[in-house]
Amino acid sequence: MLSFVLRRLGVVIPTFFGVTILAFALIHMIPGDPIVVMAGERGMSDERHAELAAQLGIDRPLIEQYLAYIGNVLTGNLGESFVSRTPVLTEFLELFPATLELSISAMLIAVVLGLPAGIIAAINRGKWPDHTLMGAALTGYSMPIFWWALILILVFSGYLGWTPVTNRISLLYFFEPVTGFMLIDSLLSGQPGAFWSAVHHLILPATALATIPMAVIARMTRSSMLEVLSDDYIRTARAKGLSPRRVIGIHALRNALIPVITVIGLQVGALFAGAILTETIFAWPGIGKWLVESISRRDYPVVQGGILLVATTVILVNLTVDILYGVVDPRIRRRG
Amino acid sequence: MGSSIHAFGDVAETVSVDTSNSQGSNATASTADGVEKAPHPLLEFWLAFSENKGALAGLIFIVIVALAAVLAPQVAPHLPQTQFRDALLQPPVWYADGTWQFILGTDDLGRDILSRIIYGARLSLTIGVIVVTLSLATGIILGLTAGFFRGFVEAIIMRLMDVIMSVPTLLLAIAIVAVLGPGLENAMIAVAIVVLPSYTRLTRASVIAERGKVYVTASSVVGAGLLRQMFVNVLPNCMAPLIVQATLGFSTAILDTAALGFLGLGAQPPTPEWGTLLAESRQFMQRAWWVVTFPGLAILFTVLSFNLMGDGLRDALDPKLKR
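Going line by line, the protein sequences match chains A and B. Under my numbering, the residue at position 202 of the first sequence is numbered 202, and the numbers go up by one with no gaps. Every position in the second sequence, counted from 1, becomes a number in my numbering once 336 is added.
By construction, these hints were calculated from the structure, which means they are not laboratory data. Possibly wrong hints are sitting among the right ones.
Covered stretches of chain A (chain B as the covering partner; in silico rule of three or more C-beta atoms under 8 Å from a C-beta of chain B) [claimed, not checked]: (1) 12-22; (2) 135-142; (3) 147-156; (4) 275-287; (5) 308-319.
What the simulated footprint calls covered on chain B by chain A, stretch by stretch (three residues with Cβ under 8 Å from a Cβ of chain A suffice, anywhere in the stretch; the number is not a length) [what the hints assert, rightly or not]: (6) 487-498; (7) 503-512; (8) 561-571; (9) 591-598; (10) 614-622.
Since the structure is predicted, the reported quantities are computational estimates derived from the model, not experimental observations. For each residue, glycine too, the CB sits at the ideal point set by N, CA and C.
Sequences are here, hints too, so could you generate the full structure?
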């Protein structure tokens with residue numbers, strides 16, 4: 001097991017350094033002088049320009065700059081935002097719970113609906129429930145979620161008037177963030193109605209974000225179930241006279257779930273890409289919206305730091321999934 | 337003939353010999369004598385593919401969209417940029433105040449939505465072709481190199497792909513556009529880079545599987561050079577999964593470029609790109625639902641069609657799934 005973990009780390013660590021090079025290179029490929037960009041409309045004198053260049057270290061050779069950058073990254077210093085002057089890491093940590101809450105809710109919706117859909121489709125292979133569910137899944141998989149989110153708003157906020165369009169909670173409620181998760185904080189605040197307000201605000205963006213992972217999970221569950229259902233041990237279980245419920249629910253599902261769990265882990269990156277669009281549309285104050293805004297404001301330290309932090313999160317989640325997978329399924333460990 | 341595994345067709349679909357025979361007269365003729373001798377590989381492929389009703393529907397829709405795109409000046413009722421100042425936000429034809437002049441209604445500047453969607457199809461299909469060609473060609477070369485040279489070169493290429501994959505696609509595309517500057521061309525380059533790992537990894541995996549086979553050893557004994565091995569002997573045998581991936585790649589390309597357009601980083605208004613159309617008209621959505629609904633449906637149906645076709649191709653080309 002230890003050698004398996006070490007082998008995974010041997011792949012992950014170079015990838016992390018690769019991402020730092022990518023984040024570093026992206027910023028250096030931006031045409032134009034970063035100091036002129038920083039100064040913006042005001043402009044600045046030549047002396048001040050040279051002074052700033054020395055201060056930021058951009059007059060030194062690239063390799064030296066990169067080493068300095070890596071040193072900073074490893075000590076948690078990702079620079080500060082041009083706009084707000086707060087450290088990038090602080091801003092990230094402040095906004096991250098909002099994105100996490102949205103993503104976890106979306107993933108829960110996706111699993112709760114996608115898993116049964118896949119199982120039902122597999123059991124009814126070739127019949128109408130299979131065709132309907134898989135047709136729906138492929139439609140969900142093809143969905144432009146920036147459009148889907150607009151349609152949800154149009155129907156549920158505009159036409160039916162059920163849900164609000166923006167923010168995480170009604171302005172009627174105010175409390176100090178404890179965990180950063182609105183659902184938990186609203187319960188902790190003890191204010192009646194606060195929790196429901198938070199749920200109301202969350203449900204639409206979470207549904208929009210859940211669409212694609214739900215479709216992926218449903219499709220994966222179906223094909224994984226079909227594969228397992230044709231195995232010999234299932235026939236044995238049936239021959240023993242076990243109830244179909246037990247054969248499918250216990251014997252088949254347990255093995256069918258292994259690839260599904262991997263797929264759920266792999267969806268984390270896709271989920272984040274979706275969060276960028278969802279947060280922008282619902283004005284959800286999370287990482288995705290922050291990054292899109294910082295790009296349009298040309299706030300380069302935020303762009304650079306944000307990419308690095310998001311990529312690191314994705315790498316760590318995938319590593320965790322890999323290791324868990326190795327724990328669950330001993331066959332994986334040897335394959336490496 | 338059993339039913340294919342990914343049959344996403346109509347609810348009432350029943351796959352049988354009769355239905356696949358009724359697809360075309362030539363198919364009927366050749367299955368009859370196909371009993372004695374094996375049919376031509378292309379025909380065999382077409383029979384397997386057309387058995388999947390969903391894939392066939394996808395193909396038909398794409399052909400229609402492609403024809404509309406090519407013939408846009410002939411089929412579109414108006415020019416995409418013509419503004420009818422006396423018909424702002426006019427509803428579609430089935431409303432009391434809708435007219436046949438603007439079948440799907442008009443936007444806030446009085447431009448015909450149907451015409452903008454038809455001209456937008458030109459862009460979206462061009463985007464698909466360019467992005468898929470760019471990423472497929474680069475991915476094949478990188479994958480072949482990694483598969484043939486192994487060792488250090490392979491490690492560098494594959495780690496680079498890991499790095500690209502660890503950044504969420506849209507975020508990386510946004511970052512690349514931020515560096516290159518917004519615009520349709522840069523958006524396409526960004527999307528092509530983002531989808532590169534899937535082609536590279538797929539090529540490399542097939543190359544490694546193929547290299548161990550006898551025909552490769554045989555031709556190297558006869559004296560085939562490296563380039564001949566790579567491109568003439570091995571590559572054609574790796575094409576099946578790549579064709580499937582490229583078909584699915586069209587949908588990714590169209591979706592991601594539209595998403596960039598929607599965020600204001602892709603095609604710039606007044607270009608009638610589908611994502612840009614959505615972004616432009618978003619603020620009028622509550623007053624006029626048709627301004628966002630139809631461009632989005634165009635994206636959805638096109639992407640869905642490519643996905644249906646990709647699934648059908650996979651079933652038809654993948655020998656492992658073939659009965």
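- prompt: Looking at the structure, which of the earlier hints fail to hold?
  reply: 8
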